[in-house]
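Novice: Sequence order for the protein chains is W and Y. The first sequence stops at residue 712 when you use the numbering used here, and every number in between is there. The second sequence stops at residue 420 when you use the numbering used here, and every number in between is there.
What follows is a set of in silico ranges between Cβ atoms, one per label pair, in the way DEER data are often shown:
#1 Y:122 with W:309: 46 to 52 angstroms
#2 W:574 with Y:419: 55 to 61 angstroms
#3 W:501 with Y:259: 40 to 46 angstroms
#4 Y:419 with W:231: 30 to 36 angstroms
Non-contacting residues of chain W with respect to chain Y, defined by C-beta distances greater than 12 angstroms in every case (computed):
#5 176
#6 424
#7 570
#8 640
What the simulated footprint calls covered on chain Y by chain W, stretch by stretch (three residues with Cβ under 8 angstroms from a Cβ of chain W suffice, anywhere in the stretch; the number is not a length):
#9 123 to 136
#10 305 to 315
#11 389 to 399
None of these hints come from the bench; they were simulated from the model. For each residue, glycine too, the CB sits at the ideal point set by N, CA and C.
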Amino acid sequence: MANITKLVGGIVFDPAHGVDGEQQDLYIQDGRIIAKPDTDKVTEIDCRGKIIMAGAIDMHTHIGGGKVNIARTMLPEDHAQDVIARTELLRSGCGHAAPSTLTAGYRYAEMGYTAGFEPAILPMNARQAHMEMGDTPIIDKGGYAMLGSDDFLLRMMISNADQEAINNYVAWTLTHTQAMGIKVVNPGGISAFKFNQRKLDLDEKNAYYGVTPRDILARLAQAVHELGVAHPLHVHGCNLGVPGNMDMTIDTMQGIEGLPMHMTHIQFHSYGAEGDRKFSSGAAEIAEAINNHDNITADVGQILFGQTVTASGDSMHQYEAHGHAHPNKWVCMDIECDAGCGVVPFKYKDQNFVNALQWMIGLEIFLLVDDPWRVFLTTDHPNGAPFTSYPHLIRLLMDKSFRNEVLSTLNPDAQAASNLGSIDREYTLYEIAIMTRAGAAKLVGLSDRGHLGTGAAADITVYTDNADREKMFSKPDYVFKDGNMVVENGDLIDVTWGATHVVKPDYDASIEKSLQPYFDKYMSMKLGNFKISDDEMTADGRGRLIIHPTSHQSGYQEKGGAA
Amino acid sequence: MSEPIRREDVASPFCGIASDDLTIEVSGLEVKVVSNGDAVTQRGFETPITDTQPRVNGKEVDLAIAVAKAADLLRASSQSVISGLATDVNGARAVMALADKSRAVIDHYASAATFRNLLVLQDTGWMTTTLGEVKNRVDLLVVVGSDIESRFPRFFERCMWNEESLFEQDIASREIVFLGKAPSGDASTSPAGKQAEVMACDSVDLPEVVSVLRALVAGRTLQASQVGGIDVAALSKLAARLKVAKYSVVTWAAGELDFKGAEATVQTVCEMIKDLNKDTRSSGLPLGGIGGETTANQVSAWQAGYPMRTSFGLGYPDYDPYLYDSERMLAAGEVETLLWVSSFDADVVPTEGARDTIVLGRSGMQFSSEPAVFIPIGTPGIDHAGQVFRTDGVVALPVQKLRDSGLPNVADVLAAIEEEL
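With the sequences and hints as input, model every part of the structure.
Specialist: Written out as structure tokens, the structure is:
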């Protein structure tokens, strides 16, 4: 019988099972949490007085793929200030805003995170995204394939393809890009930019195809729902960053007519156009809309002050933002009749009215959304701030006096334009555990992560309670990944390789009858070479696939990872 | 003799556009491109295997002995450089791990060309597009200072003169203008016989010609009537065409811009493209990616944060495109051990100048002076499977094992050397 580890006497926060700060023992065997065993032969780890949660899950973080690597390549000056030396255990690396893959994995694990999901896998670039994530140690990963500006879908839509055909295409894409969900970015807008359109409202037609973002959202949300994929359509809405965009954001939520939909980095879509500067907070209205629509979830995309880089598939709005590039260099790309990207370095300044108000809007949304199961802690890494600022963000949410202290130092006009100072709410540890663990796992569709029940993967983080929540969440005492202790007293002690989570919905293979000639005629690569096989994902011996069932399937499959 | 084995939709790792529609026949160790080949891919696939045995100081040895010797040389070296770097993704991963452990500098043999682009990316950025977009959208292609077809023989066939586009464009109406250099052949001529326009100048005049074109696009008026032998009026017309084009593409092969300060010319082109995008759409298409150049830079960027010309000598990645230029280091006598990785082209041999040279090279490599260690290695896409990046840095193509040569791959040999350190 394999060794059993017992975590003795910790204060457990496990919202998936309604456990709110109860003293419990946990048992780990073969990488899983097990029920109390009959034997006394266990290795004990003293966790008395310590806080125990499942490993944290970042459900939206740009950690792998073409635009991230462009960001890395174009920012040598940013890396040079943040280097990681090689040790006996760790490879060297660097990068503050856009860290190297190795560094990203180490830093996530050091903060008690055990999974991260790349939200913008361009299907044509999926192989690169997976190769980068494959070189990201310790944490589990996965991603959402981007559709909505790809010419194949838009052509299906103008030829009035039935929903079932679209479902087949969506399922085919999920399967062969090895993705966990579907994302849409500025629906149809990346395509519109290629036709020289510079904005695209929810009901505005793509100049060539005549389809609207609303049509695209409806088709894709329906497809994801009908396929039984757990993660709802992941939506980066229209008009990112445009003052006054809040009305369209609310219209987007209402317009989906009850289908599950996740609104990502909603802070960037919650702007009013009031006041002297025609820029104001729409947080109250946005939060109210979320509160009133049970089908809607959102992550915030909080901004924090300092240098970062914005990397997005939204070439249209990244082009628009290039005037703000700091330092003044930027990239925009049209990509393979599939999507696009824009990379714009950015420095958020606390004395700048707009930046300060963006900070306040994000926090207002966190504090005004009632249900922590439907709002998620993100900075849209690295777009709002690097993920390493999460402990600081948690302190802002949990500590009103700290929050108001920071608030009082920001641009005074922005302070006057925000109600943040009057909001009393402080997040509890239980709510943080929902937002960063149980809720995130449920949203992504990870049945055996984000909780501490029997049978769950033993991804566990143990903290020393500290009133300074930033300190507490920066340096856990222990982090276990699949049962292996990888962090002890804040330091990495072991480097493991996590799995890639995917879904493979059933579909009618006849979809390839139209895809095959489409690739042959129009694409620059062959259909067969586009597909990423399970074998390719696991060929290096350390890649491991976890295939989650859709609601129409049963069973949970693991492949690879023997080495 | 048995029938040759036929493989369809084979991807070529030998040129940056990575065509993946080749048909290949394999008979034993012999590989033949039977359709969609060109001079570059045929040479790449069809170069026969000659030597298969590793050598130490010219004497044939077992692989284990060659590996041990390579490890000894790296261990004893106070300044190692790993260059060439003509390999696939897994080979590049192994290079990174070994460089980190041996505190080496990494560089690629085509870096001189790469940095004409990278310095621009890191200074002001750019707006670019990819091969698939060009194929479906381009209405005006301007080729700056490059021939294209000698390095990328099928670029025009695959991306300009395809039979149809997604958007009902009349393909025959596409226009090509060569600015600075005339093409070496007729690959750019349309199937109906329409020849590309040529506005030739000496390469020494190209920076000025490109600057004038940018000024004209920006609406400036010039006193001069000629620049580099080209009429300003003609450049003015080209500027006007760029402004009315719906999706112009400006391309260049940095490897051909072989003059001092070429990065400034690339920058001028890229800033002109940004200016054009105020009103219409226009994109750059840097063509490169020879010998795994894109692959090496991509893997290095994601694992270390930096592209080529990064040193691990301080125990962490330190990037300096001047200081860690391997050619400069070799010429200055700064390199004790050079580890040269060259798995695509037997003609890509190490530069002299290191105290000791270790070569992981394609079978058949000839040296003017025998390296301390030579290990013949397999070629990705022929002797083993792998992934390679295309010029645009977006598409990574899977390449396949076509024959059973027994030649080891770069990743395994480097991992074995690392293990010995």
